[in-house]
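K.L.:
Listed here are the chains, written in short residue letters.
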Amino acid sequence: MQLDPVTMDSFSVVLVWTAISLYVLAFIAYAVDLANRSQASLAAKDARQLVGVGARAASPAASEPVVAAAPRYVWGRIGTSLTWLGFVFHLGATLLRGLAAGRVPWSNMYEFAMTGTLLMTAVYLGVLFWKDLRFLGSFMTGLVTVLLGSSSLFYVQITPLMDPLKSVWLVIHVFVASLATAFLALAFALSVLQLLQARRERMAVEAAEAPARRSMLRTIPSAEALEGLAYRFAIIGFIFWTFTLIAGAIWANDAWGRYWGFDTKEVWTFIIWVLYAGYIHARATRGWRGTRSAWLSIVGFVAVIFNFTIVNMFFEGLHAYSGLS
Amino acid sequence: MTAEKGAATARKDTVTDQRTAPQRDGSEPLRPSDHVDADEAIAQPALGFVGWLRWGWRQLTSMRTALVLLLLLAIAAVPGSIFPQRMANPNGVTQWERDNPDLFPVLDALQLFDVYQSAWFSAIYILLFVSLIGCILPRTKHHAKALRTKPPRTPARLARLDDFREDRIAAEDPEAEAAHAVDLAAAQLKAQGYRVERYDGRGAFSVSAERGYLRETGNLVFHASLVGVLLTVGIGGGFAYTGQRVVVEGTTFVNSLLDYSSMNRGRFVSEAALTPYSMRLDSFDVTYQEYGGPGSGQAGDFSANVTVTHPDGSTSEDAVRVNHPLQLEGDAIYLLGNGYAPTITVRNPEGEVVYRDSVPFLPQDTAMTSTGVVKVPDGLSEQLGLVGFFYPTQVPLDTGAFASAYGDLLNPMLTLNVYAGDLGIDDGTPRSVYALDVTGLEQLTGGDTGVDSIELAPGDTADLPNGMGTITFEDETPEGTDPALGYTESVKRFVSLQIHHDPSALGVLVFAVLATLGLLVALFVPRRRMWVKATPDGDGVRLEYAALARGEDPALADAVEQLRAKHRAALDD
Ligand code: HEM
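Keeping their order, the protein sequence lines are chains A and B.
Letter 55 of the first sequence, counting from 1, is numbered 55 in the UniProt record's numbering, and no numbers are missing.
Letter 423 of the second sequence, counting from 1, is numbered 423 in the UniProt record's numbering, and no numbers are missing.
In short, the hints are calculated from the structure, not lab data.
Cβ coordinates follow ideal geometry from the N, Cα and C atoms, glycine included.
Warning: the hint list may mix true and false statements.
To be verified - Okay, the calculated beta carbon distance ranges per label pair:
{"#": "1", "chain 1": "A", "residue 1": "Ser150", "chain 2": "B", "residue 2": "Lys145", "range": "53 to 61 Å"}
{"#": "2", "chain 1": "A", "residue 1": "Trp84", "chain 2": "B", "residue 2": "Lys566", "range": "52 to 60 Å"}
{"#": "3", "chain 1": "B", "residue 1": "Gln95", "chain 2": "A", "residue 2": "Ile310", "range": "15 to 23 Å"}
For reference, chain A alone in the conformation it holds in the complex:
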């Protein structure tokens, strides 16, 4: 049976909503997991307060979670399984959309959001094979749910591509930008946790005598280890972003007759690149490592989201894909 594009696209929409529901369930499971960790943390003695934050130094090896490896986080596992399931439906939805359109499924905002969040989930799930970062699960599934859910607001029917979009550079430039965003999202999540963790560590040192309060933060790696992890994701994201910038310039040179013209979207891509270059520098600057550099990573990602949402919708520019008129 040959499915016509319209039917395929409506299947795709059904799959998207199934995926969103599964992500919501995953988010709940992960949230329960965090609550359980928080409870469990009462039992775990806070060893770190004996150390003091003063001894922190460049030691990327110190990234072992303190107790996170313990297998009792059942809800975390349920969350991950649900995320996998959601991912499968999400992947199906994206593939169907691409098949229905007869081109890559990232040519308008609805599709960028669909593919971008798919890559976020993929990167998160892939990273789990390498390191147990399930404590990021509620953040990642939450972010994906919000982005994918609100992207349905921008749902558009499949329309033929505008001429300027008929280019291999659409395939490369937009895909790599989404991939960069996925890595930067993980770095962002880790930087936020790093800030929380650093604050808790500071308070633990100051109030060494006070009874330990419950906190899921006690079950995740130290602020320093989180910083090291965030940095690693950020530099991968940064490399992809650099590539996005260059590929975009090549495409602009073909489509618009110049490789750089300070179009709004170009400006924001540049701003984000410079912010992350600043973040990488901050990590190597005395007095900026730690909390300050984490803020830069956060500002950088806020700019990424701003670029994708506000700039796309409200700023004038060539990236409106108006093409020839």
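Take the given structure of chain A and dock chain B with the ligand to it, following the hints.
P.N.:
Here is chain B with the ligand on its own, set in the frame of chain A:
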């Protein structure tokens, strides 16, 4: 566990300080004094003028300054995305001025409409690049020397290092076995790309190995390439030119300054720099999405089919398409826009042709409602100016006005209002061909005149008011066209082309790619030191393996363990 970790980290700090002070060991990359890996800056009292200069220079080339300038650059770039920029969107600036007449002069004085050429934006990036050059020159010099430096002496107490493994093997001749073990380790490390140096003595044998010099090389290549990008853009811009030209089907465009409607030249581009080729627009293809379907009326698959005459007289056929500029004699030719150019003939009362031209009408919307101006300076009792609309698929609106419903020529219609008087083109004042200044002209049709506007379908002729003559909208359908096609070939099309010459583009690309490669190397090649030490010890040999990371190196502990495992396996063979 964390307590141990913390203690170990603290210990490592002391080791680092002893081992890596730059004055002890030339293989360290040189870093600005406020780099996390650098020695604590020694606060030197500034001595006189030279002292202050030196202090100032050190500040400018510090990590902190680079960081602050980078952040400032990011912030300074933001207003350019909020306010329309003259460079990218001059019409937007005019519009903004009209909407905010009071605020405009203030913001304009702050250069907010020319952000990227503004004094403050330039100041930031120039300072940043001065800092950058001041930073990489000494580091490059230092690195060149470091590349020729031997790996440092093996530390006395390897056990103090963070990543340390210890083994003991039994041996009949401990002395010989220890020497053999270190030989073997040196060979293995060398095979893994380490630079190795033997340090034997004081009753022990050891090899010191270092790898990852490429990391610093990559960092320097990256930063130097950024300078390369900036210089290429700055210098290359002087050799660039961009011109625009409207070409109607069947006409020819000659690449000379005279033939451009507008042209921006870099300061090093001479009049003679343009290659004398010419290009005839044979036809223009476009397809429209079917009426009522998805993306209804959307135009696409644009192709301007041209015949090029090269400077040597040879000709070739080619096409200019979106995303596929035509590369010609070092120029790139882009398709910027397209529209209709109705062919109009004006005759005097005797029936003699006084005017005949295909006049480009500029499209105003996606359904190609277009406006244009016809100026008839000679041959009639008065000069005539005609202002008109062209609708490729004309439909009446409820108000009685016309609109175009579709971009293709399904029901073409030309409407014109006639003005008579002095067009003001004889006194040499440059006038736009797309606008008619009606001051001083008498309106003869349309508006309040009580005379209907002229309405023409292709092939129609109408009388001009006051018996001045006739006007014809020519049907340009080629002979032998299938009548079923209706009007679809009846009006000529025009394209607007951009001819762009920018010798900097390739250079920028090369430097950008170099920067990316440098970045990959700088971020992912680990810089590390390894030591293997064998000490004869009674009836056996004590083997020590240790490593020290230089910068981020998450895989270091694994690397030590792998080295140990491989070494032991080879020893046991
Ligand atoms: C044009 C502006 C600049 C940009 C976009 C930039 C970008 C970067 C990036 C992306 C890195 C990380 C890659 C690597 O480690 O090699 C880096 C590292 C570095 N940059 Fe820059 N940089 C700029 C200017 C400067 C300046 C002015 C200095 C000197 C003060 C400097 C000194 C360094 C140093 C020492 C590192 C190594 C950091 C480390 O040890 O991890 N950079 N820079």
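K.L.:
It remains to establish, for every hint, whether it holds in the given structure.
P.N.:
Okay, the hints, checked on the actual structure:
1. Distance hint for A:Ser150 and B:Lys145: a CB-CB separation of about 56 Å, consistent with the stated range 53 to 61 Å.
2. Checked against the hint of 52 to 60 Å, the C-beta distance between A:Trp84 and B:Lys566 comes to roughly 37 Å, which is inconsistent with it.
3. At roughly 21 Å, the beta carbons of B:Gln95 and A:Ile310 sit within the given window of 15 to 23 Å.
The structure fails hint 2 only (numbered hints given earlier).
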